[in-house]
Amino acid sequence: MAPQRFHEQFDQIQRSMPDVPLALGPDDASEFIYEKGVVLARDGRDAALVEETVRTHFTEATGLTGDHVRRDSPETNRSGITRIKVGDPGHGDRRGDRAVTHALRALSEREGRAGRRLVSRNHVVSIAVNSCPGDEPVPAALSQGTNPAPAETGHDPDTSVDVLVVDNGLTHDHALVPLLAHVDGDLHGTETDGAGNLLQYVGHGTFIAGVLAAVAPNTDITVRSTLNDAGAILESEFGEKLFEAVDGGWPDIISLSAGTSNGRTDGLLGMDAFMQELRAHDTLLVAAAGNNASASPFWPAAYADLPDYQGVVLSVGALRGDGEFGACFSNHGSWVKVYAPGERLTSTLTGFDAPVPYQYQHSTYDACRYGFTYVCTCQSPSHVGVLSEDGTVAKPDQVMFEGYAHWSGTSFATPVVAGLVAAHMTANKETDPRAARQQLLAANTQFAEVRGAHVPALRPSGWRPVPVVQRPVGA
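In terms of the numbering used here, the sequence shown opens at residue 4 and continues consecutively.
Because the hints were derived from the structure by calculation, they are not lab data. Quantities reported herein were computed from a predicted structural model and do not represent experimental measurements. Quick reminder that beta carbons are idealized off the backbone N, C-alpha and C, glycines included. Warning: the hint list may mix true and false statements.
Stated by the list, open to error - Label pairs and their in silico Cβ distance ranges:
| no. | residue 1 | residue 2 | range |
| --- | --- | --- | --- |
| 1 | ARG101 | GLY157 | 57 to 65 Å |
| 2 | GLY465 | ALA178 | 17 to 25 Å |
| 3 | ASP285 | SER464 | 23 to 31 Å |
| 4 | HIS175 | ASP70 | 41 to 49 Å |
| 5 | TRP253 | ALA184 | 21 to 29 Å |
| 6 | ASP325 | ASN431 | 23 to 31 Å |
| 7 | GLN401 | THR193 | 12 to 20 Å |
| 8 | THR195 | ALA445 | 45 to 53 Å |
| 9 | GLU452 | ALA32 | 26 to 34 Å |
| 10 | ARG74 | GLN401 | 45 to 53 Å |
| 11 | GLY197 | ALA283 | 41 to 49 Å |
Between the sequences and the hints, there should be enough to build the whole structure, so can you do that?
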């Protein structure tokens, strides 16, 4: 992981959540971001046990106080999770939270005896956990079309597949794009700063909807603005928002390009109730494996490796631009079940009503390459030639978008796979998305190499490889 860029993302999320003090964990290892002064427990007996145990431990321990320990939410919640305040969130800095750390330790022995987790940090779930998704969008010429190119199948309202995209909403003018004719949902809201520049991650949900619609035209896509704080949300709120997203009915497929590591192998406590409810429906969750270049489980994608969810969740890693190897930023490991193109895809960022400027947020170049011998996707805006197809920009750190963009990340490999599952359903008159998932993977004969491992790869017919720029080893 690139620590400098992780701290840049921390700053971005902290600015978007000014009333929520955040810290890095564990022990400033930059694996995840979490809320200071708060832990999570399941409603009911677990919450009462956690509150009592932490208060007793803090009262007896030197340098700690039980005065702050109390419930910080109603006793019952739709998400099944109670927030418990354990300390002053203003104490300390981003390098960690002593109160949260000791609260977790206070329950460790009881968790061991119970054989299950009783308490958790309140993690930040984000579309760009380490600020390297891998990169920020780059303008793409309209004349080149999208990549993947739109499939030549039509849209039939009687057989269309319902897909829910849980993301950060749609740009206000997305309806001007013919490819997005069957896309609906929430708008971003504020899209530009005071100078008229697109805000960071605006267009993320629109881009994903465009990729999905290109791979699977026979879909009705709904995009929700669940991740509207710089593409992030607290774990304690995420489960509730997921339930709200399916209030109108459970879709065939949920495409989710967000998540978090948590240093564990048993999932997110804040998603537990939703994941159990998901099992009771026919919906397939297609989730991004994350961009940390790590083999550590990334949730909720890693649920695909848990016995109860192997047919319910499909985790997606990203392939490099040539489609032969894994992208340098992509998470990997046995819990990632399939890989798809995710580097420099081309899709709709905005509509076509007017060009809009974008001020690049980051300037670090080598920090995102993770030692790979080709140029990874995080590139400095000071390198003028990489920002647009013709190599020219108005200023070194600003470009103009007129509709299309190139973008990279497991965020965008995810809708490729969701679209392929939907397209399989249409082509085979399959109404069960979980059965379609199984059939698609069983029939797949494509593979790629990821960190020396031979892995299943799904490449849509409309996808075109892009050149990989090699750099001398050691450069």
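In rising order, the numbers of the hints this structure does not comply with: none
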